[in-house]
Amino acid sequence: MTYLKNTWYVAAWGDEVSREPLGRKLLDQDIVLYRREDGDVVAIGNRCPHRFAPLSMGKLQGDTIECPYHGLRFNGHGACVLNPNGDGDIPPKAKVPAYRVEERHDLVWFWGGDPEQADPALIPDLSYVTDPKTRTVTGHIHVDAAYELYIDNLIDLSHAQFVHNDQLGVDNYEDAQLEVKQADEQVDVIITIPNANMPPAIRGITGEDNKRGNFVLAAHWQIPSIVTNHIQFLDADTNEALHESFGSHLLTPETETTAHYFYGLTRKHRLDDKDVDNAVRAWHLKGFTEQDKPVIEAAARMMGDETDPLAMGPAIIQTDGANVRARRILKKRIKLELEQESQA
Amino acid sequence: MTYLKNTWYVAAWGDEVSREPLGRKLLDQDIVLYRREDGDVVAIGNRCPHRFAPLSMGKLQGDTIECPYHGLRFNGHGACVLNPNGDGDIPPKAKVPAYRVEERHDLVWFWGGDPEQADPALIPDLSYVTDPKTRTVTGHIHVDAAYELYIDNLIDLSHAQFVHNDQLGVDNYEDAQLEVKQADEQVDVIITIPNANMPPAIRGITGEDNKRGNFVLAAHWQIPSIVTNHIQFLDADTNEALHESFGSHLLTPETETTAHYFYGLTRKHRLDDKDVDNAVRAWHLKGFTEQDKPVIEAAARMMGDETDPLAMGPAIIQTDGANVRARRILKKRIKLELEQESQA
Amino acid sequence: MTYLKNTWYVAAWGDEVSREPLGRKLLDQDIVLYRREDGDVVAIGNRCPHRFAPLSMGKLQGDTIECPYHGLRFNGHGACVLNPNGDGDIPPKAKVPAYRVEERHDLVWFWGGDPEQADPALIPDLSYVTDPKTRTVTGHIHVDAAYELYIDNLIDLSHAQFVHNDQLGVDNYEDAQLEVKQADEQVDVIITIPNANMPPAIRGITGEDNKRGNFVLAAHWQIPSIVTNHIQFLDADTNEALHESFGSHLLTPETETTAHYFYGLTRKHRLDDKDVDNAVRAWHLKGFTEQDKPVIEAAARMMGDETDPLAMGPAIIQTDGANVRARRILKKRIKLELEQESQA
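Residue numbers (my numbering), protein chains in the order written: chain A, 9 to 352; chain B, 9 to 352; chain C, 9 to 352.
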């Protein structure tokens, strides 16, 4: 399995892109991202066609980026618009690829394949991120594991009981009920633990210590590697949400064996409370950098050169239902794309 | 040359294995070691068959080990005995290899090949380690060199005069006499330096500064990579031992190019003296980590992809007699094992 | 493209070689350099032929070097002259290669190929380095880039305006005039910027702030990777040099993808002023380690396995005239050498 090209991937959270060039490898391609003076995001090839220095080490000159090595300038379409040296001639080869990017819901999306096929209507709807009634804390880490291994992690929320036990563990996990649904090219998985104790992370936010209720973890996957989740703790009597949050977990392959992990936690309460922001950041650091990442990267090392667990004859259990379905959909789409490429 | 499989190797010193799981790669296999509640040592495959996380990152639950990722539990036979997720079904593939281990003389030995062939009677006799009249200080380091390069080092004690000159050097090394003996599949080498000054390390222990005597360094190699030595400094007149120690130098291949080095120094004097323990530890750190390891690892780098010096057309000198014999025996056994495998 | 063998390369600045052995990989060969008691430089193979330890970890014994592992001693011709072990026999294989070296103008040169062909008359003339009317500050860094990428950098001084803008930038770079000359197997490139402001680095030395003049940067390349330059700032009216310096930029391949960069700055003023020495060292650190090296190494990474930019279909601009010519000459000579080798 490799990755789908003709689809939208996250290149960055909006606040990562500024008037300082940002070099990032995405789908094995070296890309530089920056904002034009009007604020629009530009994504072009990062490798100068002259002597191959990374443009991201250079600086912006108006809407162009200047190569750090010999000063050639490129515009947002990847065309060289200035050669400051010698006779100043600009040779035809002096150009870099330009990528289709769209900024939406505080995310910079880029189209991984043929720009002609890029359709902004296909960008996943993460409008809750920019809903004025919510507040979202975001982050980005680089991981030494194939992006698919992160999808596996994210749409099998049973890992929360073990990897994040200190934050999300409950004392009656054996009562958990699992539901997996597939519709079109999307997969939903819902774990419900009735009459659970309130997990530590939620106690920290609600301040309620001994309350029991229904703990509901729902994850939604869509092509290519977009996972959103909805975590709720419901009053056992009234079914009223004592707590809920919305997670964005967005993976972009860097290479076949490494990935970018963009995450966000969206809440509907205490929107302006910096203490909550900081608590969420602390949880992200703990949960994603200190808990998920070491386990997933260690599993990736254990897999050696293979990136697809299903190719290794694994033990498959019921809670793998969602990730097995997601991989199947993705593989089918990748196969189709490769067939179309070979026909073209 | 590669390594013999159907033989006993050291997996760990006994005190390295506890109720905290210990992950260790041995003979290219990822293994986790831990103690059951009754103290017996368990060694099973470290790679969870579900999503390939290392079990050594998990924790013990009674006599089982729980995977850190999704909580599957495995017993000392490598069988999955609990799947806490979903319907709880345990698929047939949910198992890991189990290794034959024996704890003897404070060492945990494991059989590298077919468990059916494992015969505890073949475990090398290192009973002096647990003799109540002795005291042994032990250690373990990881080395970036093929295990055979360490055998070469250990059964050619002439290196002591140069690599460990500050500790074991004498002023009349030119008088050294060499004896090499081979019996069955074992090799002995004895270097005797008559009327030598007492080497610095021994002066430090005996407190005798100007005494001369006979310095005798004897090393014994047996299959696969077990070296024991006996260092003596004898009174020139009475031939009484002014000092003696027994060294255990036990190599286990991690991969073809890296190894585990387990070492111990056994003494018969001042058994309860912590100062002597600390002096031995300081000597181990100096001699093994700061002197042998850099030289051997540098030689390994100089050899590039080759792990067998004899394949590189080296200059062979008389003091190589022991290591050439040992390699010849080992190669013959490995060849035989490969032939048996190909016939099976 | 690989490298020429039968030619003189720099092995070290003279003050790098002493009575402490210096291990250095040059043209993929492991070499140890040291001075004999009479001060002459020795360069022999660094890999002991016995057990392959690096001789450079050993110590000098008179004019010989003693292997750190088992004490074999080798003389400046690479012959083993002492085996201190066992019967002391010296086997025929106990020898290492000896390299032709010449010390001239404070540089240790070595011949990369067949010693029989080594002709000291071919050593490039860098006599200005030891001219008593000059003072030279020198240095050496290791770079993770093919040596050719450094030649490209050094004989295209247009990079100074961008990579070293804070030190050598001018405000009318668009007025620069370029001249490239090829004679025999040598290439010269001269950039003249008439009526330029005095660049910051030169202002720092001359103390003249607002003076404008003609800024002339001249570089000279010769086989194999010897670049010297002459930087001048001339009074616009009198054409008198307000400042000039002579740079030595000497590359030696370590491997096909890594190199040694030896540099020196020679001046004719304030010869005994340690403050100027220190200012030059600060400039070297800034310019070569913090500015050139990151850009060139990043470009090398961007090029992946390729070391020749011309093989990658680059955009070629007028200022590449010198480096394209130099590469063409070098390729021709390498091709010729390979043909001669295959005929021999």
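If you're looking for bench data, these hints aren't it; they were derived computationally from the structure.
Don't take every hint at face value.
Copies of the same chain look alike in the list, so a pair counts if it works inside one copy or between any two.
Unchecked claim - Mimicking BS3-like on lysine-lysine, the simulated pairs with C-alpha atoms at most 27 Å apart in a straight line are:
| # | residue 1 | residue 2 |
| --- | --- | --- |
| 1 | K101 | K339 |
| 2 | K301 | K33 |
| 3 | K276 | K294 |
| 4 | K276 | K343 |
| 5 | K103 | K343 |
| 6 | K189 | K219 |
| 7 | K103 | K219 |
| 8 | K301 | K219 |
| 9 | K301 | K141 |
| 10 | K294 | K67 |
| 11 | K340 | K101 |
| 12 | K141 | K13 |
| 13 | K13 | K282 |
Verification of the hints:
1. K101 <-> K339: between (36 Å within a copy, 24 Å between copies)
2. K301 <-> K33: both (19 Å within a copy, 21 Å between copies)
3. K276 <-> K294: Cα proximity of K276 and K294: one copy only (22 Å, versus 51 Å across).
4. K276 <-> K343: The answer is neither: 40 Å in one copy and 69 Å across copies each exceed 27 Å.
5. K103 <-> K343: neither (31 Å within a copy, 32 Å between copies)
6. K189 <-> K219: Classified as neither; 30 Å inside a copy, 77 Å across copies.
7. K103 <-> K219: Neither: 62 Å inside a chain and 39 Å across chains, both beyond 27 Å.
8. K301 <-> K219: Neither way: K301 and K219 sit 31 Å apart in one copy and 59 Å across, limit 27 Å.
9. K301 <-> K141: This pair counts as neither: shortest intra-copy Cα distance 31 Å, inter-copy 50 Å.
10. K294 <-> K67: So K294 and K67 pass the 27 Å test across copies only (19 Å; inside, 35 Å).
11. K340 <-> K101: Cα proximity of K340 and K101: across copies only (26 Å, versus 37 Å in one copy).
12. K141 <-> K13: For K141 and K13, neither the intra-copy (34 Å) nor the inter-copy (65 Å) Cα distance is at most 27 Å.
13. K13 <-> K282: neither (39 Å within a copy, 60 Å between copies)
The structure fails to meet hints 4, 5, 6, 7, 8, 9, 12, 13 from the earlier list, while all remaining hints are met.
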